[in-house]
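Novice: Just need the whole structure built from these sequences, with the hints factored in.
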Amino acid sequence: MYSEKIFKEFRHPKNIGEIKNPDGVGKVGNPVCGDVMHIYIKVGKNKKGEEIIKNVRFRTFGCIVAIANSSLLTKMVKGKSLKDAEKITKKDLIKGLGKMPPIKYHCSILALDALRKAIQDYKNKKGKAVK
Amino acid sequence: MYSEKIFKEFRHPKNIGEIKNPDGVGKVGNPVCGDVMHIYIKVGKNKKGEEIIKNVRFRTFGCIVAIANSSLLTKMVKGKSLKDAEKITKKDLIKGLGKMPPIKYHCSILALDALRKAIQDYKNKKGKAVK
Amino acid sequence: MKRRIYLDHAATTPLDKRVLKEMEPFFSERLGNAGSLHSFGQEAREAVEKAREDIAKAINAGQEEIYFTSGGTESDNIALQGVMKANREKGKGLVTSAFEHHAVLHTAQHLEKKGFDVNFLPVTKEGFVELSEVEKALHKETVLVSIMHANNEIGTVQPVKEIGEMCRERGVLFHSDAVQTVGKEKIDVQKMGIDLLSASAHKFYGPKGVGFLYKRAGVKAEPIAFGGGHEKGLRSGTENTPGIVGMASALKLAVKEMAEDNARERKLRNKLIDGCLEIKDGWLNGAREPRLACNAALGFDFVEGESMVLMLSDKGIAASTGSACSTKSLEPSHVLRAIGLPHVKCHGSLRFTLGRNTSAKDIDYVLQELPKIVQRLRKISPLGGK
Amino acid sequence: MKRRIYLDHAATTPLDKRVLKEMEPFFSERLGNAGSLHSFGQEAREAVEKAREDIAKAINAGQEEIYFTSGGTESDNIALQGVMKANREKGKGLVTSAFEHHAVLHTAQHLEKKGFDVNFLPVTKEGFVELSEVEKALHKETVLVSIMHANNEIGTVQPVKEIGEMCRERGVLFHSDAVQTVGKEKIDVQKMGIDLLSASAHKFYGPKGVGFLYKRAGVKAEPIAFGGGHEKGLRSGTENTPGIVGMASALKLAVKEMAEDNARERKLRNKLIDGCLEIKDGWLNGAREPRLACNAALGFDFVEGESMVLMLSDKGIAASTGSACSTKSLEPSHVLRAIGLPHVKCHGSLRFTLGRNTSAKDIDYVLQELPKIVQRLRKISPLGGK
Ligand SMILES: Cc1ncc(COP(=O)(O)O)c(C=O)c1O
Ligand SMILES: Cc1ncc(COP(=O)(O)O)c(C=O)c1O
Chain A
1 MYSEKIFKEF RHPKNIGEIK NPDGVGKVGN PVCGDVMHIY IKVGKNKKGE EIIKNVRFRT
61 FGCIVAIANS SLLTKMVKGK SLKDAEKITK KDLIKGLGKM PPIKYHCSIL ALDALRKAIQ
121 DYKNKKGKAV K
Chain B
1001 MYSEKIFKEF RHPKNIGEIK NPDGVGKVGN PVCGDVMHIY IKVGKNKKGE EIIKNVRFRT
1061 FGCIVAIANS SLLTKMVKGK SLKDAEKITK KDLIKGLGKM PPIKYHCSIL ALDALRKAIQ
1121 DYKNKKGKAV K
Chain C
2001 MKRRIYLDHA ATTPLDKRVL KEMEPFFSER LGNAGSLHSF GQEAREAVEK AREDIAKAIN
2061 AGQEEIYFTS GGTESDNIAL QGVMKANREK GKGLVTSAFE HHAVLHTAQH LEKKGFDVNF
2121 LPVTKEGFVE LSEVEKALHK ETVLVSIMHA NNEIGTVQPV KEIGEMCRER GVLFHSDAVQ
2181 TVGKEKIDVQ KMGIDLLSAS AHKFYGPKGV GFLYKRAGVK AEPIAFGGGH EKGLRSGTEN
2241 TPGIVGMASA LKLAVKEMAE DNARERKLRN KLIDGCLEIK DGWLNGAREP RLACNAALGF
2301 DFVEGESMVL MLSDKGIAAS TGSACSTKSL EPSHVLRAIG LPHVKCHGSL RFTLGRNTSA
2361 KDIDYVLQEL PKIVQRLRKI SPLGGK
Chain D
3001 MKRRIYLDHA ATTPLDKRVL KEMEPFFSER LGNAGSLHSF GQEAREAVEK AREDIAKAIN
3061 AGQEEIYFTS GGTESDNIAL QGVMKANREK GKGLVTSAFE HHAVLHTAQH LEKKGFDVNF
3121 LPVTKEGFVE LSEVEKALHK ETVLVSIMHA NNEIGTVQPV KEIGEMCRER GVLFHSDAVQ
3181 TVGKEKIDVQ KMGIDLLSAS AHKFYGPKGV GFLYKRAGVK AEPIAFGGGH EKGLRSGTEN
3241 TPGIVGMASA LKLAVKEMAE DNARERKLRN KLIDGCLEIK DGWLNGAREP RLACNAALGF
3301 DFVEGESMVL MLSDKGIAAS TGSACSTKSL EPSHVLRAIG LPHVKCHGSL RFTLGRNTSA
3361 KDIDYVLQEL PKIVQRLRKI SPLGGK
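Residue numbers (the numbering used here), protein chains in the order written: chain A, 1 to 131; chain B, 1001 to 1131; chain C, 2001 to 2386; chain D, 3001 to 3386.
These are calculated hints, taken from the structure and not from any lab test. Check each hint, because a few of them may be wrong.
[Said to hold, decoys possible] DSSO-like cross-link-like pairs, simulated, lysine-lysine; straight-line CA separation at most 30 Å:
{"no.": "1", "chain 1": "A", "residue 1": "Lys104", "chain 2": "A", "residue 2": "Lys14"}
{"no.": "2", "chain 1": "C", "residue 1": "Lys2114", "chain 2": "D", "residue 2": "Lys3085"}
{"no.": "3", "chain 1": "D", "residue 1": "Lys3114", "chain 2": "C", "residue 2": "Lys2113"}
[Claimed, not checked] Incomplete in silico selection of chain A near chain C, CB under 8 Å:
{"no.": "4", "residue": "Lys8"}
{"no.": "5", "residue": "Arg11"}
{"no.": "6", "residue": "Pro13"}
{"no.": "7", "residue": "Tyr105"}
[Claimed, not checked] Not close to chain C: a few residues of chain D, all C-beta gaps over 12 Å, as computed:
{"no.": "8", "residue": "Lys3002"}
{"no.": "9", "residue": "Glu3074"}
{"no.": "10", "residue": "Glu3165"}
{"no.": "11", "residue": "Met3166"}
{"no.": "12", "residue": "Asp3274"}
{"no.": "13", "residue": "Glu3289"}
{"no.": "14", "residue": "Asp3301"}
{"no.": "15", "residue": "Lys3361"}
We put the beta carbon where it would ideally sit given N, CA and C, even for glycine.
Specialist: So, in structure tokens, the structure goes:
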């Protein structure tokens, strides 16, 4: 039903929890639908001066695939520039996780949504701070 | 499917064959339908002066139940007065043979028909002889 | 070897070794097709008819009222499709409940699409179909009422006898999906006023792939599949002799050992429920009784069922979120929705179903592991107080 | 012990002991419901999917094109009912032959009653469906052609590849009931242009109560029964894991040993036919080739089949009058009628079907006993010269 990668990611999830005073937070989903994801990011700069995701954490309520997606996505974006992080697609995540029933694809979308919201949240705050 | 009695009667049929110069012959059925019965009788008299079936034989082409019916009926009527023989019913035969699929009831009717025809044949001949 | 505890007996049971023994001669030696006239065939025929007699006795039916099928799903389909289509001249009304197994629910929905008039009765928060609801739903054109004997997810036992009596009085046919109760609860189709009843052997320690339908003599039903005219034309296909023999053997054993099995399972089950209710924000779905002795249908806030099932599995414990089919759907269980559980709580459901081999030690082990798992998942969850 | 010779392999075969061995772990130990998420369930799921892959390979199909069913009858019904109902927008035309198994014939007749337009093609005296007849029957509204691969009574192998190619060219779906050929004749659904194919495990030394339907990807079909949505919704019901595993194992063995088995059986079968033809007024039904290697469908004037079967059985020999179902009907075989055998000759038919364990000695024994039986019955018969 699920790939070994999904099970492995679920069994050993990385980056669980919250970040105190995060630079951005993305909250998506609805407990009624059975999936809720919160993603927290801390933004820093790399040597080239690009903004990168210095730290990222998640909390997820949901099925195995939802948790596996959250973990994989946070692993993938950690240390990446915001620009590159935003480029990650549903396809990348599904490729990373392997075989799953198509009805579970939405979990990947959900995770990406949470991340994008977190980045947007960071940008909004920054914008406000600048103004 | 069939009772043990049917199998037994089929396996050890009595009164097979023809009678030379029979007093009556009854032929029923049609090879096209899968059942043909010929019954031959020899008529005599008992001490009371009643006409009885002194000897009876059959030839049957047909299923197990058809052959079992032929054998049982001939056994039942042997030595019986014509009057009593004519009184035998489908029910008696079915009772004598035990459980069978209802679609096979017609085999009993066929056997009785053959017997009645044989008796009628005897009566017809006698009538002619008298005239 | 790793400890493995199977607590998903409502999904399927192991084949009882004693049953397998009864089946064995029919695999290769007594191999005949029960439709054949020769001695091999007649041996098979005898075995099939003996099984039919044994099964009939176990539910107080007549031998000629038992029809062999491939399982509960097929039995349910023949009962619903077959009866509704064969009794069109009486009407188009079918009454069933909102928390039937999918084999009944989806068949009823199919019939609805085909123009039948289907009424899905609500159920109480406690998990019962109410007699008054059945009564309200009955009308002149009602042909069939179909209410399950015990629910497969929450285990609540329905007032089948009362429903059966009411249907009888009103001249309406009554079908009960008894897949979860045959061999586990007493069934007497006469006393309970049941006209049709579905069963599946693999739920009572019999083989998979075989079941039966009880259909009272005189009840009209059409087949859903056509062929050699087996089972009096209601269900064609070469008889699964070993399966049928195994089903009868399993049912006889189950009936004989029912009281004992149930007493033991109920005690262990209560211990399990009580232990689970000590976990914060945990609850029991459905009333505690009348409920199948084996069933503990629980729920835990802020965590999701599938995740619990997998973590339990990693500890060697087999449990379920509800029915075995729910892994295919995103929708929360229709059963939990029907008893009025809020959506968000539906996702946190966890079902243990005990069996013949369940021991007190097994329950202790579950009660030792489960709280840790719930806690661990709650740590991942964004919901609830941390 | 009394000698017992089983020569009714077209009715059913013994379960191969090697197959039973493969099934055994799935009865009680690896017991899970393949729909369950826990490790027991996942083991079952893996076994089921492995079996699907093996079966797909055996007929050169894709794994996702194999659907598990309860047997040949159900597969035939899903193929015919399911495809005709799902493709109504294309048309109502079904083309089949007059000598199909009842699982196809009666299903086609049912569809005809429901308003579909069904064409029952004639067959030749030799026992073949002619390509030209298929061609004549095809029209714009033809949805499906269903022609069996080999006939179960007379064993003649149909020109399935040619029919498949023609159907493909004409854009018509093609189903073949291959219940008698799977594991006995080479099947390549690609090369043969087959869109749907039915099989039943107990005909190739697998377990009873399980079969499969091959349905080419993209072919639309409706289920005939509803439930938990197993087999992608086409066939609901808890997977019969031991049965499915056994079916795959049996098919792999059968394919591996096919050439050898067929060569041996054909030789013995020819000896049997030749011996029987020495009996006065005996004949072979259908052409001698192409015919299943195991099949000897004979006939004898002036005697009736059922009586021969019982007398042979008393000598320990299991034979048949035709299909196993014919014991239920008074009508002479529709297959023999279809090949134009006169009514009176239909009643005198006798079918031997050989198998893996048939020996030359067995055939000698039959050839020693059969003439005596025919003679004895002819003595009872009023027909023929005495
Ligand atoms: C050609 C053919 N089709 C279909 C079937 C039906 O198979 P089953 O009885 O296993 O359902 C059979 C055998 O009975 C058969 O020989
Ligand atoms: C209440 C109920 N009805 C019907 C079924 C269907 O039985 P099966 O899957 O054996 O066809 C099940 C189990 O799956 C069940 O629990």
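Novice: Taking the hints in turn, state whether each one holds.
Specialist: Each hint tested on the structure:
no. : hint                  : verdict
1   : Lys104/A / Lys14/A    : holds (20 Å)
2   : Lys2114/C / Lys3085/D : holds (12 Å)
3   : Lys3114/D / Lys2113/C : holds (17 Å)
4   : Lys8                  : violated (11 Å)
5   : Arg11                 : holds (7 Å)
6   : Pro13                 : holds (7 Å)
7   : Tyr105                : violated (11 Å)
8   : Lys3002               : violated (9 Å)
9   : Glu3074               : violated (6 Å)
10  : Glu3165               : holds (29 Å)
11  : Met3166               : holds (27 Å)
12  : Asp3274               : holds (23 Å)
13  : Glu3289               : holds (26 Å)
14  : Asp3301               : holds (21 Å)
15  : Lys3361               : holds (19 Å)
Hints 4, 7, 8 and 9, counting from the list given before, are not met by this structure.
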